[in-house]
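Engineer: These are the residues of each chain, in order.
There are 2 protein chains.
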Amino acid sequence: MREVALVGAGQTKFGDFPQKGIKELFAEAYAEMLSSVDKGLDPRVIDAAYVGTLGSGGFQLGQVAPLLTGHVGLTGIPSVRVENACASGGFAVFQAVLAVASGVHDVVLAAGVEKMRDLSGEKSRYWLGVSGDTEYERLAGMTFAGIYAMIAARYMEEYSVDRKYLSMVAVKNHANGVRNPKAQMRKAVALEKAMGAPDVAYPLNLYDCSPTSDGAAAVLVVAAERAHEFTDRPVYVLGFGAGSDYLAVHDRETITSFKASVEAAGRAYEMAGLGPEDVDLAEVHDCFTIAELIAYEDLGFAPRGGAPRLLEEGVTELGGQKPVNASGGLKAKGHPLGATGVSQVAEVFLQLRGQAGDRQVRDPKVGLTHNVGGSGGTATVFLLGRD
Amino acid sequence: MREVALVGAGQTKFGDFPQKGIKELFAEAYAEMLSSVDKGLDPRVIDAAYVGTLGSGGFQLGQVAPLLTGHVGLTGIPSVRVENACASGGFAVFQAVLAVASGVHDVVLAAGVEKMRDLSGEKSRYWLGVSGDTEYERLAGMTFAGIYAMIAARYMEEYSVDRKYLSMVAVKNHANGVRNPKAQMRKAVALEKAMGAPDVAYPLNLYDCSPTSDGAAAVLVVAAERAHEFTDRPVYVLGFGAGSDYLAVHDRETITSFKASVEAAGRAYEMAGLGPEDVDLAEVHDCFTIAELIAYEDLGFAPRGGAPRLLEEGVTELGGQKPVNASGGLKAKGHPLGATGVSQVAEVFLQLRGQAGDRQVRDPKVGLTHNVGGSGGTATVFLLGRD
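Just so you know, the sequences run in chain order V and S. Each residue of the first sequence is one higher than the one before, starting from 2 at the first, in the numbering used here. Each residue of the second sequence is one higher than the one before, starting from 2 at the first, in the numbering used here.
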């Protein structure tokens, strides 16, 4: 396959924007991506576009990709919507990378968008519920917080883990969110307060859950051999992988590890010829705090049951050895489903180029992104590096 | 890019199957695809899967790809839903071809599924409406038949074309459908009857509209260098392309040609080093009869305004020089949105291998498929050939 690079990235602030529709959010992320390309970008060189989105405003739209690309004046090119629930954005990037790797396209836009904040609580639960198995989970009354609560309870039991470690993820990610001007929640939280928050689905409380969000993100994926037409500091795709599992958690071999993540990470590491020890920073899918603990283990940062120790030792804090979710993560940056996976790639792009401002990690060379669909039905992992 | 081949294809009968859900339909198409692989296929060699679907049963499901691939026991692999309305299936094949062309995957499943028949008329109109521009078309009361009626009226005016030619498409495709055991409508219709049917949206009448359908289709896309592990008579992807346009028809330069189709066809012809004159048979997107006339011109089979003459001369009939929609097309075979683009590829696969039974075209060497999203927001074109 042909080598692939990233030369631009942009995203909206994540949050609550009643005055903006998906077209406006998409256009804003696209414009920031355009202006991030150091040597400028004539949009006419864009060969294809992928847009990740789950419901894009209440499940009322089909063929959203040409709707959005047409809105910013991109017509004629292949424009494709990709949907894998909360991993829609990661898979949009995945398809863009494959399209460039194939040699068929040279310059491809990967974007994601979601608008969730103007839904009622009931509609919002429905929205998230469809990412799981409708027949055996959603229609039986299972909420998404409920599924992750089951996973957390099992994890705590299996490895004799205290609930405190869930809250430590929230504390860390909220502290990082304060430093990210694009984050939805820029508010530090003390461990005691996080631990004492009202339950959502035991053992998960309010501070264990990511918010619902409006937002969009966009990155520009190009053939590495052409990267220097756009910038002198490209970011390279060193490896990438995706995986899947049974959608309903009751069908799985285990619920304290996501097979989709393990497969995705394994493929990405193998392609890059790298291991977890080479990763300098990571953006992982912390839709619920337990998901970040499991991600540490699925990505090989810690052995099974070893995630709490990483938190205990501060390894994944912003100043630690391997910062995780320097952006604030889904927990504090926000989680507009289709935008999330693209935003993770945008964050690592900035970090590797030293453009991450107050949340800059010290001199990272290799970054990882990890995006999960729903409760682990699908996942993507990217390994990104610089010259 | 690496050469790509097809080695298996299957599909359900299209029609009205209240007793089958999307899982059953998908499994049935998948099983037929498996059994079509001459030298057998161990499903464990499948590297990735793409599933095209718009609503898959009433817009109540997210992350449908792993739901379906998990249902047939495929887990671990990348499993991705692709949605571009009525072109979702064509884009699923497009992504599978790119994935193999990239060298990242060797054996990829491309499938499509839709279940439309258990929706009420109102819900069904909604379903189709979301494929257009919701803000400016659907919510303003524009139906899908209405959009194509506008296009037909404009085409008839621009080229002084009689309504009769619309009906001739219906007559031809219904005649072909009689020969296809998988077709939803196996009923010949006389020109007089087709012309005298009740109006749906003038100038389109009942026989100008494809039906709503349940159904699924699946094809197996592999690296050409490995094709002979699976069969001694592979079908090769000679060229492929995709395109897009503004979603709302009022934004377009013209409505009597689809820019998305023209771009898709141009790319496919260029890649294959072939022209329209090399195409021995085609499956084109006749969601409404007018769409087939426009397809003749967008694909270069006829000059602008020249489509009626092809019909007049019988060129596109089953026994003609360039048979179009030997399967019956969307009009008679049926149109389960996400399945359609995959089913077109499956049909040409059978035709090129001489396995199309009563509807077999005489010794074709090159076949074309053409799949359109909604009213032309997106399109894919494949050129397929054999040794």
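Honestly, the hints are just simulated from the structure, not real lab data. Fair warning: this is a prediction, and the values are worked out from it, not measured in the lab. There's no promise every hint is true.
Because identical chains cannot be distinguished in the list, a pair is counted as satisfied if it fits within a single copy or across any two copies.
Using 27 Å as the maximum straight-line C-alpha spacing, the simulated BS3-like pairs for lysine-lysine come out as follows [unchecked claim]:
hint: 1; residue 1: Lys24; residue 2: Lys124
hint: 2; residue 1: Lys366; residue 2: Lys194
hint: 3; residue 1: Lys24; residue 2: Lys260
Engineer: Determine which of the earlier numbered hints do not hold for this structure and return their numbers in increasing order.
Structural biologist: Those not satisfied come down to hint 2.
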